[in-house]
Amino acid sequence: MSQSTEGRAYAPERETTEGRVFTVTGGDWNTVTDSVDPLSNEKIVVNMGPQHPSTHGVLRLVLELEGETVTDARPVIGYLHTGIEKNLEYRNWTQGTTFVTRADYLAPLFNEAGYCLAVEKLLGITDDITERAQTIRVLFMELNRISSHLVWLATTGMELGAISMMLYGFREREYVLDIFEETSGLRMNHAYFRPGGVAQDIPESAIKKIRDFLVYLPKKLKEYENMLSGQVIWQERTQGVAVLDVTGCLSLGITGPVLRAAGLPWDLRKTMPYSGYENYEFDVPTADTADVWGRYQVRIAEIRESLKIVEQALDRLRPGPIMIADKKIAWPAQLAVGVDGMGNSLEHVAKIMGQSMESLIHHFKLVTEGFRVPPGQVYVAVEHPRGELGVHAVSDGSTHPYRVHMRDPSFVNLQAIPAMAEGALLADVIAGGASLDPVMGGCDR
1 MSQSTEGRAY APERETTEGR VFTVTGGDWN TVTDSVDPLS NEKIVVNMGP
51 QHPSTHGVLR LVLELEGETV TDARPVIGYL HTGIEKNLEY RNWTQGTTFV
101 TRADYLAPLF NEAGYCLAVE KLLGITDDIT ERAQTIRVLF MELNRISSHL
151 VWLATTGMEL GAISMMLYGF REREYVLDIF EETSGLRMNH AYFRPGGVAQ
201 DIPESAIKKI RDFLVYLPKK LKEYENMLSG QVIWQERTQG VAVLDVTGCL
251 SLGITGPVLR AAGLPWDLRK TMPYSGYENY EFDVPTADTA DVWGRYQVRI
301 AEIRESLKIV EQALDRLRPG PIMIADKKIA WPAQLAVGVD GMGNSLEHVA
351 KIMGQSMESL IHHFKLVTEG FRVPPGQVYV AVEHPRGELG VHAVSDGSTH
401 PYRVHMRDPS FVNLQAIPAM AEGALLADVI AGGASLDPVM GGCDR
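In full-length UniProt numbering, the protein residues as written are 1 to 445.
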């Protein structure tokens, strides 16, 4: 191995026996600090994060301060990079759901939905998805939106000093995760949505739990508002803090509750409906304050709207198939939830083994090799709890993706931190960053 060659600020390089290797660093920390003379300059460079709580995940912020006022803020990301998009290129199209679900781990079902809608668009089967599968997808996405917003309430409350909110938010989220577990066998990273439908049907016991939840949560939301909305400290930490108006949001590509809290009712479920959302009655909550307080109000209101959609979805749930009829696409899985999670039911395995050699070969080929997707590329967007989640999928006609790229809202929304933080106090950086609700698993992927 030879010695290091010329240096670069972000990625020093060196020649090795395997070729040129780049070492990607966390930023130009030395360059920034070396330029500051502590004797003649009152500017202080602070390395905030990555730690959880406070920076709302493994996010690093390099801040330049004069007193307690932030003069420069730069987010440094990449500490949770998992290579999900690259891994998709080495798995078949159905296996891809097990990877994308792990990107934004607080909204896994939205990752799955965006990916599956993209694959189905490439296959040309968007209109062939059964009504029951569509309804179950909407039902579970809205439950996931509720659980995601509950985590936002919990963690933001903790970061601003309301420790009780942390306990209550996670307590109610457990209720939703119990429903997910009862249906998919997993509390997170479900891989429940699949190209062509969903992995298995929703049991009656889960439907009963959802109906109980519809009665339980509205009372708890009222308790949250009683605890936070009239609290002077909460008001002081959120009102007029981290302001970003509509013009700023649009110029930076900010979507989701942050954009709606600035007054623009942009929600893809209304403006560009998918999965049958055009058949549901719900409002798009907005605020006009464009600050942390407005984002808090919007998310509370969105939980209530999601509860309305969940109730409508339950009423629309008609008996029927949950997977597309085309056996060349539908994974022939009849799943059962056991003590070790979800897997093929023993009865189904016995049926496959006992039918014919041809059916066994078909099952083996479809599961191990996968189905072929016609060449082409598509972009599909869904309304994620944090904004627009887009999936750009490219097929070369093979059994696995040529390329899949996710436009994750956490990544795009983090651009707003300098705009919100510079000129504000150090303490308000925490409130502003939290109000974006970034999930670094989705940002870094």
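Hints listed in this document are in silico derivations from the structure and should not be mistaken for laboratory results.
Glycine included, every Cβ here is placed at the ideal spot set by N, Cα and C.
Treat the hints with care, as some may be off.
[Said to hold, decoys possible] In silico DSSO-like links for lysine-lysine, alpha-carbon gap of 27 Å or less: (1) K86 / K328; (2) K365 / K351; (3) K220 / K209; (4) K327 / K270; (5) K308 / K209; (6) K327 / K308; (7) K219 / K308; (8) K327 / K121; (9) K270 / K308; (10) K121 / K270; (11) K121 / K365.
[To be verified] Simulated restraints, written as ranges between beta carbons of each label pair: (12) I125 / E358: 41 to 49 Å; (13) T16 / K365: 48 to 56 Å; (14) E236 / P319: 17 to 25 Å; (15) P218 / K43: 48 to 56 Å.
(request) List in ascending order the numbers of the hints, as given earlier, that are violated by the structure. (result) When the structure is compared with the hints, numbers 4, 6, 12, 13, 14 turn out to be violated.
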